[in-house]
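**Student:** Generate coordinates for the entire structure from the input sequences, incorporating the hints supplied.
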Amino acid sequence: MAPDAAPATATGPTKLAYFDDMWALRSTATVISLVQEEEGGRRAVVVDATVFYPQGGGQPADAGVISGDGGARFIVEDVRMKDGVVFHYGRFVDAGDGCNSEFSEGESVSLEVDAEQRNLNSRLHSAGHLIDICMGNIGLPHFEPGKGYHFPDGPFVEYKGVIPPDQLQDKKKELEKEANELISRGAKVVASILPYDEAAQLCGGALPSYISKDSTPRIVKFGDYPGGPCGGTHVADISIINNIKYSSLGFILKNGKKQKFQNLILNSSSSSSRLYFATKPQFPHSSASSSSSTSSMALAMQTPLQLRLQPRPPTVVASRHRRLRRGGGWCRCCAAGGGDAGKRRAYPYEEIEPRWQRHWEEHRTFRTPDIGDGLDTSKPKCYILDMFPYPSGAGLHVGHPLGYTATDILSRFKRMQGFNVLHPMGWDAFGLPAEQYAIETGTHPKITTERNIDRFRSQVSYFMPMYILLLRLALLSYNQAEVPVNWCPALGTVLANEEVIDGVSERGGHPVIRKPMRQWMLRITSYADRLLEDLDELDWPESIKEMQRNWIGRSEGAELEFSAVDKEGHDLGANLLVYTTRPDTIFGATYLVLAPEHSLLPSLMSEEQRVHVEEYIELAARKSELERTDLQKEKTGVFSGSYAKNPATGEIIPIWVADYVLGSYGTGAIMAVPAHDSRDHEFALKYELPIIKVVSPSNGNCDSEEAYADDGIMVNSSNSSSGLNINGMLSDDAALKVTEWVEANGFGKKKVNYKLRDWLFARQRYWGEPFPVIYCDDTNEMLPLEESQLPLTLPELEDFTPTGTGEPPLTKAIDWVRTIEPLSGKPARRETSTMPQWAGSCWYYLRFMDPNNASMLVDKAKESYWGPVDIYVGGAEHSVLHLLYARFWHKVLYDIGVVSTKEPFKCLINQGLILGEVEYTAYRDNEGRWVSADSDSSFIDCYQEKLPADMVTKVGDHYVLKDDTNIRLNARAYKMSKSRGNVINPDDVVSEYGADSLRLYEMFMGPLRDSKTWSTGGIEGVHRFLGRTWRLIVGTPLPDGSYRVGTTATDEQPTLDQLRVLHKCIAKVTEEIQETRFNTAISAMMEFVNAAYKWDSQPKSVMESFVLLLSPFAPHLSEELWFRLGHSRSLAHEQFPEAKIEYLKESKVVLPVQINGKTRGTILIDKECSEDDAFQIAASDEKLSKYLNGKGIRKRIFVPGRILNVILDKQKART
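At position 125 of the sequence shown the residue is numbered 125 (my numbering), and the sequence of numbers has no breaks.
These are computed hints drawn from the structure, not numbers from a lab.
Be a bit skeptical, because a hint or two may be false.
In silico DSSO-like cross-links for lysine-lysine, where the CA-CA straight-line distance does not exceed 30 angstroms [what the hints assert, rightly or not]:
| id | residue 1 | residue 2 |
| --- | --- | --- |
| 1 | Lys975 | Lys954 |
| 2 | Lys1094 | Lys1148 |
| 3 | Lys891 | Lys755 |
| 4 | Lys946 | Lys962 |
| 5 | Lys188 | Lys177 |
| 6 | Lys962 | Lys147 |
| 7 | Lys751 | Lys737 |
| 8 | Lys545 | Lys567 |
| 9 | Lys645 | Lys567 |
| 10 | Lys633 | Lys693 |
| 11 | Lys177 | Lys221 |
| 12 | Lys82 | Lys954 |
| 13 | Lys381 | Lys891 |
| 14 | Lys826 | Lys860 |
| 15 | Lys1148 | Lys1195 |
| 16 | Lys737 | Lys750 |
| 17 | Lys188 | Lys173 |
| 18 | Lys188 | Lys172 |
| 19 | Lys755 | Lys737 |
| 20 | Lys1195 | Lys1167 |
| 21 | Lys213 | Lys160 |
| 22 | Lys635 | Lys751 |
| 23 | Lys160 | Lys173 |
| 24 | Lys1183 | Lys1167 |
| 25 | Lys177 | Lys82 |
| 26 | Lys946 | Lys379 |
| 27 | Lys1210 | Lys1186 |
| 28 | Lys1094 | Lys1064 |
| 29 | Lys635 | Lys755 |
**Tutor:** Put into structure tokens, the structure is as follows:
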């Protein structure tokens, strides 16, 4: 059913409640009827009175929501009037458990208009009226007004008159100047309903002929200028219209042929020109082609509105023009109706938020005192920490504030619960990300870092504890001659294994190769067992703990020794150690595999195979360890030309080289058992190597085509020569016996191994902490700097780019590198590699406990009070980088007595991603016809078309065209990125809706840990909620758009029902914040506000408690409301409300009523209601009485608070 084809109804005219009060945005009404459901699920609701403005005569309809007493919610998407009856079109939304799904006739409902949309429509409408005034002021009063169109997609007003073409440009400038001068001076806009004669006087003595003399017209007057009949909505003052700019003028000849004035020469007597003045707000994301979407648009007025509204597509615009031509009303731009435009936004956040931010800053509201400087250590503490952002990037999007908002909410909540809260903020400023950003922008990293954070922390306060700490760890760090490392030529540095993904660098995606280099290493492997075992004590996501377990990779097995021989079995003088977790399978080892970087490989290459092996080594060096061990990758290898002797069987087996064996794990060599390892099996099949089965499943069933990797019973596993026989034994027992045998015979030993490698701690980059050591020239001895020589700061270096040779950029700073050994006075040189970015992030959380201590990392008393971090919030991408490194560093500090706890972070929370808005993709064939996305036809000859959301609707689980629900679309949300163009800038959102709305929406979108899809419509919803909260306590705006000084709250005592609603909300919000389920906490507060709107009054004590509940989520608005409720001090340190158990007990219950076992309805009864009383209530219920009255009752089954089942006499029941 089309919106402008209103459904038939017997209802009388709707009272236009907005007509009398131009600033009314909400009201109450009674439901008259629900009109038949439209295609696509739209309904029409008719009430006895409405504040919603119905579309007509050029002004768009209002949007908003209608809420029922029973909990039903109806989203109003369109409003139309026919024969005096107003129809509200839209759809019901799920209001949650226990709420009605729709309205019933006679139900009382609350109506609320979307203030932002009303404001925009009113600005456009008032601009049209202002042009009427300006036309007279610039000497064109004789021009006859035509149509007016005040929709955001291409507004215009139309005049008809004669004007010489050469005067058009001058008139354009004159019109623009006049309009902006009037706007700058401002003038009140007043609407009055008057008797005909009085209305005529306000309009200059006469009214249009179509207005009956028996009517009482509604006149809108701008300041002292003559008024005009109008039923639409307007701004409260014309200054709100903002600046006007006219971009072009045009005209249409009498014959209807449209041309541009620049290309036509006419004189005033030979043509009649029709001028088109268009009013168009400036939308930040509107397309350049939007102005051409209306054929009649010729002069544009732009207002600098920061409103995120998209122009409608041309097809929609055209349909609205057709409606416009059918329209009519009291003036050319207004249908009979009116409304409220005096309110600029849902609430005045632009004034509230800066004011309270200044207050917090000036009063240092959230400063945490130091121990000994006012901190009450008898109170419990809560240390809440974020993973700090890199200050190296531009283009933040709305996903970035998610975690920081969550921690801010928790901090405010804990502070109000009486905790001392430490919640620092900073920037991860050193290291590869910051330096790479500087290289890409051609700016020194110090400058880019200073530019991207408000102020740069002095190097002295940062370096000093870093170096003191490093010197204390000197025994744990060592310098190796050469180790194979991940070298990234593009970044000009080595990378840790954790920083390489699929053969490319984690940051930038640059190729990485293996290359031997001298490096600093930290012995993280010495802590492998403790890092593994202590994971069980942490309240972390299990997925993160499992990632760390896998990365550490502890395994138990045996180290076996194979002697290298030639083809004839002659000893080559080399013994190969292999590590295996399955020593029981030694009889099935049919070949050995060495890693390409194995140290003995050069001596084991035969002359015939040397070229092939060296080529293979070169290829393997281009792959990362993760890429080499990917089970999905095809296995490759090359024969070395040498052999080995199996100590258990005495057989000669070949030695191969393959990159699926890593030099960094175990010994860099494996015994291959292809019958019982999938990788070995795949390799053996490819290169036709022997496969010997030595383990049989206990049930005897084994697929000979696949490797059997599980335990079982040993077969083919004995050798009389060696004296080893494990046939018939279970795998575990056999493994133990083989290990004992190799130890007894000198062929190996029991071994625990780890995938974890020692931490490569040096980078060949400039922007990082320099190592506080020097090397003596004559002995090459490494000496630490004395504490008196610290801090060691970086030299200023103009060319800080990587050298590309492996030499660090600091080698260019010759004067800095060359130094003197302080004791002997001999020449020395500094270390030119720098520490990685992880060096600072491993301990920074400790520094915030004692930030100004220059003599030690952290004072013991302060660390003992604040440590460890209670809640740590950040991304899961740091699972085996920062989080693992910080745990290692913390354990070292624990061992040397710096910290008092074994772990740094008690609870870890990984926030999810915020994806861009859903993108809708449709398909058309070569003839332009729509093709459904679920069509069986091929899409090769189809082209894609991105559709705006207003052309799409949802049917079931699928998105379809609104105009043709048979055409299914592809709908998908993508990760925000500049390249995709779906980035939403948080600054824009804050400017448009306020910081509190952004905070609230990001928490309301869904569970903190889940990924969520951004929706501009969603933030508009929470913005309206905050507006409703504001108006609930402050009241509606005054006629001039301002608000009363105080509140509408009363001093009367709250009722029992009000206290129950409040304390139910307190209990829910408290529990959900503690469990970080912020979305459901917000839902509970929304339910409270809905309930409070139905009360006859709002007791001050109840409103105060609610404002305290809201304050962690929307602190600016809450502070303002708290102040207006009569408090002079910030609420930041007020006590968070506590739910009282006596108000949480429900006094009423909904009781299902069954007739002969079939549920026929429900009744609302007291919780302690007796059976007789329950039956009487059921018998008097309108729906149930027809089943009970006059019927014989055989028995009643009553379960208090659960059910009432009435069993009727069969004979009576039949009659």
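**Student:** Does Lys633 pair with Lys693 here, judged by a C-alpha cut-off of 30 angstroms?
**Tutor:** holds, 25 angstroms
**Student:** Holds or violated: are the alpha carbons of Lys1094 and Lys1064 at most 30 angstroms from each other?
**Tutor:** holds, 17 angstroms
**Student:** Does the alpha-carbon distance linking Lys975 and Lys954 stay inside the 30 angstroms limit?
**Tutor:** holds, 22 angstroms
**Student:** Would the pair Lys1148 and Lys1195 pass a check requiring their Cα atoms to be no farther apart than 30 angstroms?
**Tutor:** Answer holds: Lys1148 to Lys1195 is near 25 angstroms, not above 30 angstroms.
**Student:** When you check the alpha-carbon spacing of Lys177 and Lys221, does it fall within 30 angstroms?
**Tutor:** Roughly 21 angstroms separates the two Cα atoms, so the pair holds.
**Student:** Can the restraint linking Lys962 and Lys147 be considered satisfied, given a maximum Cα separation of 30 angstroms?
**Tutor:** Holds, at roughly 29 angstroms.
**Student:** Taking 30 angstroms as the top limit, are the C-alpha atoms of Lys188 and Lys172 close enough?
**Tutor:** Roughly 26 angstroms separates the two Cα atoms, so the pair holds.
**Student:** Would the hint linking Lys188 and Lys177 be met if the CA-CA limit is 30 angstroms?
**Tutor:** This hinted pair holds, its Cα atoms lying about 20 angstroms apart.
**Student:** Is it true that the CA of Lys751 sits at most 30 angstroms from the CA of Lys737?
**Tutor:** Holds - the C-alpha atoms of Lys737 and Lys751 are around 14 angstroms apart, at most 30 angstroms.
**Student:** Quick one, are Lys188 and Lys173 close enough, alpha carbons at most 30 angstroms?
**Tutor:** holds, 25 angstroms
**Student:** Do the alpha carbons of Lys177 and Lys82 lie within 30 angstroms of each other, as the hint requires?
**Tutor:** violated, 40 angstroms
**Student:** Can you confirm whether the C-alpha distance between Lys737 and Lys750 stays at or below 30 angstroms?
**Tutor:** OK: Lys737 and Lys750 at ~11 angstroms, within 30 angstroms.
In summary, the numbered hints that this structure violates are 8, 14, 25 and 26.
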